[in-house]
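Those sequence lines, one after another, are chains A and B. The UniProt record's numbering puts the first residue of the first sequence at 1, with every later residue one more than the last. The UniProt record's numbering puts the first residue of the second sequence at 1, with every later residue one more than the last.
These are calculated hints, taken from the structure and not from any lab test. All values reported here derive from a predicted model rather than from experimental measurement. Treat each hint with caution, since some may be false.
To be verified - Okay, derived cross-link-like pairs now, EDC-like style, lysine to aspartate or glutamate, Cα gap no bigger than 16 Å in a straight line:
id, chain 1, residue 1, chain 2, residue 2
1, A, K159, B, E121
2, B, K142, A, D127
3, B, K93, B, D304
4, A, K142, B, E279
5, B, K225, A, E210
6, B, K250, A, E206
7, B, K142, A, D117
8, B, K159, A, D117
9, A, K142, B, D127
10, B, K297, B, E279
11, B, K250, A, E210
12, A, K250, B, E206
13, B, K237, B, D304
14, B, K159, A, D116
15, A, K142, B, E121
16, A, K255, B, D304
17, A, K225, B, E210
18, A, K258, B, E210
19, A, K299, A, E278
20, B, K159, A, E121
21, A, K208, B, E40
22, A, K159, B, D181
23, A, K250, B, E210
24, B, K258, A, E210
25, B, K142, A, E124
26, A, K142, B, D312
27, B, K225, B, E51
28, A, K159, B, D116
29, B, K208, A, E210
30, B, K142, A, E121
31, A, K225, A, E68
32, B, K93, B, D248
33, B, K255, A, D248
To be verified - Output of the computed footprint for chain A on chain B, the stretches with three or more beta carbons under 8 Å from beta carbons of chain A:
id, region
34, 118-129
35, 243-255
Said to hold, decoys possible - Counterexamples of contact, computed for chain B against chain A with all Cβ distances above 10 Å:
id, residue
36, E14
37, S21
38, R73
39, Y74
40, G95
All C-beta atoms, glycine included, are put in the ideal place defined by N, C-alpha and C.
Number of protein chains: 2
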Amino acid sequence: MSSISGLEEAVEDEFNSFFESSPPLKNMDKILETLNRFIELNSSSQGANGEGRRIVCVTSGGTTVPLEQRCVRYIDNFSSGNRGAASTENFVKAGYAVIFLYRRGTCQPYCRSLPDDPFLECFEFPDQTNIQVHTSHLEAVKSAVLEQQTAIAEDRLLKLPFSTIYEYLQMLRLIANGLKDVGPCSMFYLAAAVSDFYVPWNSMTEHKIESGSGPLDIRLAQVPKMLSVLRTNWAPKAFCISFKLETDSKILIEKATKALGKYKVHAVVANELSTRKEEVVVVSSSGNVVVRCDSDKPKSIVEDNLIRLIVDRHSTYIKESHP
Amino acid sequence: MSSISGLEEAVEDEFNSFFESSPPLKNMDKILETLNRFIELNSSSQGANGEGRRIVCVTSGGTTVPLEQRCVRYIDNFSSGNRGAASTENFVKAGYAVIFLYRRGTCQPYCRSLPDDPFLECFEFPDQTNIQVHTSHLEAVKSAVLEQQTAIAEDRLLKLPFSTIYEYLQMLRLIANGLKDVGPCSMFYLAAAVSDFYVPWNSMTEHKIESGSGPLDIRLAQVPKMLSVLRTNWAPKAFCISFKLETDSKILIEKATKALGKYKVHAVVANELSTRKEEVVVVSSSGNVVVRCDSDKPKSIVEDNLIRLIVDRHSTYIKESHP
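Just need the whole structure built from these sequences, with the hints factored in.
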């Protein structure tokens, strides 16, 4: 046994024991059926350059970590899902089929411009029977309804929701497994904010933790590093983009560069919490590229330019994989 | 100084130090202005029995507890907000004005019957310009738009969002203060799932907690008991209903009864996580009443009967307060 396959086995073992102690995924058969149909349809469709259609899995939103088995309290990771939703729209526009693996309740593709409370603000029933959209929100509602429904009707968008870290990792493994045959034409764009710490299911209290008896001490274990196992075992041929979010700009690039080396992803998108909507840095072995929105275009968002860059890199990767 | 006012002071002191170390509420002036206008308008309107219109503050959804000052991770309390939203509709129907203090993103009044993904499922643009609602969702959309807009236009519903425990408690204090002059005609219906434990702001790390160095130990302090200070200091004349949620039915009634005695609320609504949509128990000094939905009415919900009971009790309370 070579040392590399020894490493692979160790990583896989860590995950297997994580999954063994996880609550099983609900509706797994239905998810698998929908997923496989979507992948099959798209990989047999013709893409832009005579290749099969490219398929990207975009993960979005934060994962939760329950603190009780019959869960009342949980630890959550802040993420609106805006990055994942905007990126999904851009991938569809670039010709990709997108598996949108998102946290329930977070921002949806084509819905970013809706107001917080759309049913209060967007509509009226002027004659009690016919609905109308206020002119100011017409574009936003049309995009949310028409563009979204079109992407789904054309089998270019599949939305799969998760809440817990257990659901997220199990679904990600199913997707990676399904995309194995798509090889270099598949991509993982891992924008979700994944929990670093969790309470192992087996050591979790069944019932609601009681209050009223002084301070509460919680010990959290580290979640096994999914990126390692995804790159080495689950989907070694897929193009893989990970994200690094920090609140301290001083350590951001250093940490992104470390992640690039450690997990052997093809690029790390580094973003700082307070400026993440204006600017990101794409860190890769070919150097660091700062990506901004176009200040002269009023509706420009950073994802327009980011996805253009990522798609170019993916094209190069596909060419180099099929010499 | 009497022993009672000594107790009041101790409770108030605990909260003052909690608030002093809390991040200040954003938009406080605007919230206060909207709130005071709403209370003034309604308390000067005529209610059902010649009294001023009754005003209830319904709290709904869970509060979050940040683990970092520039928050990436937080502890959350599971709550869909369904109970608060359904109760709000019933209070409006019963003639009340409702201040709906809700967790951002949770279930809204009149929107309970919408599907999870309404923009995907409810609408179409058959000729690319005019929007239509699918017949199957027409009633749900009409309720979300028409009934909600009517309640707000009539100044019978004011929606105020929160996320953190800091925002929630500061806003609740503002509301209690605003309702002081409404006296017994005001009610607090505290359905929100409020955090029991938190990390005091001053002892919180500024930046994102780093992963990668073994398990994480967190020590959480107890949140001061809001019910005590609400009943004794903030709004002693208001009718007050609190909630107790447990996952273990064996301890539920005992804990609800304890809360009734400790906080001197007028009733505690006891609910068990797995059966909370079918049945609750109203625990009060006049005995325990089991409240269920009507099994012979297909659309009956437990809140229809619960609010009927609570409104009756409130009527009795008002009569006894003005003999």
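Hints versus structure:
| no. | hint | in the structure |
| --- | --- | --- |
| 1 | K159/A / E121/B | holds, 13 Å |
| 2 | K142/B / D127/A | holds, 12 Å |
| 3 | K93/B / D304/B | holds, 10 Å |
| 4 | K142/A / E279/B | violated, 41 Å |
| 5 | K225/B / E210/A | holds, 14 Å |
| 6 | K250/B / E206/A | holds, 14 Å |
| 7 | K142/B / D117/A | holds, 15 Å |
| 8 | K159/B / D117/A | holds, 11 Å |
| 9 | K142/A / D127/B | holds, 12 Å |
| 10 | K297/B / E279/B | holds, 15 Å |
| 11 | K250/B / E210/A | holds, 14 Å |
| 12 | K250/A / E206/B | holds, 14 Å |
| 13 | K237/B / D304/B | violated, 26 Å |
| 14 | K159/B / D116/A | holds, 12 Å |
| 15 | K142/A / E121/B | holds, 13 Å |
| 16 | K255/A / D304/B | violated, 54 Å |
| 17 | K225/A / E210/B | holds, 14 Å |
| 18 | K258/A / E210/B | holds, 14 Å |
| 19 | K299/A / E278/A | holds, 12 Å |
| 20 | K159/B / E121/A | holds, 13 Å |
| 21 | K208/A / E40/B | violated, 41 Å |
| 22 | K159/A / D181/B | violated, 51 Å |
| 23 | K250/A / E210/B | holds, 14 Å |
| 24 | K258/B / E210/A | holds, 14 Å |
| 25 | K142/B / E124/A | holds, 9 Å |
| 26 | K142/A / D312/B | violated, 46 Å |
| 27 | K225/B / E51/B | violated, 32 Å |
| 28 | K159/A / D116/B | holds, 12 Å |
| 29 | K208/B / E210/A | violated, 28 Å |
| 30 | K142/B / E121/A | holds, 13 Å |
| 31 | K225/A / E68/A | violated, 23 Å |
| 32 | K93/B / D248/B | violated, 33 Å |
| 33 | K255/B / D248/A | violated, 44 Å |
| 34 | 118-129 | holds (count 7) |
| 35 | 243-255 | holds (count 4) |
| 36 | E14 | holds, 15 Å |
| 37 | S21 | holds, 16 Å |
| 38 | R73 | violated, 6 Å |
| 39 | Y74 | violated, 6 Å |
| 40 | G95 | holds, 22 Å |
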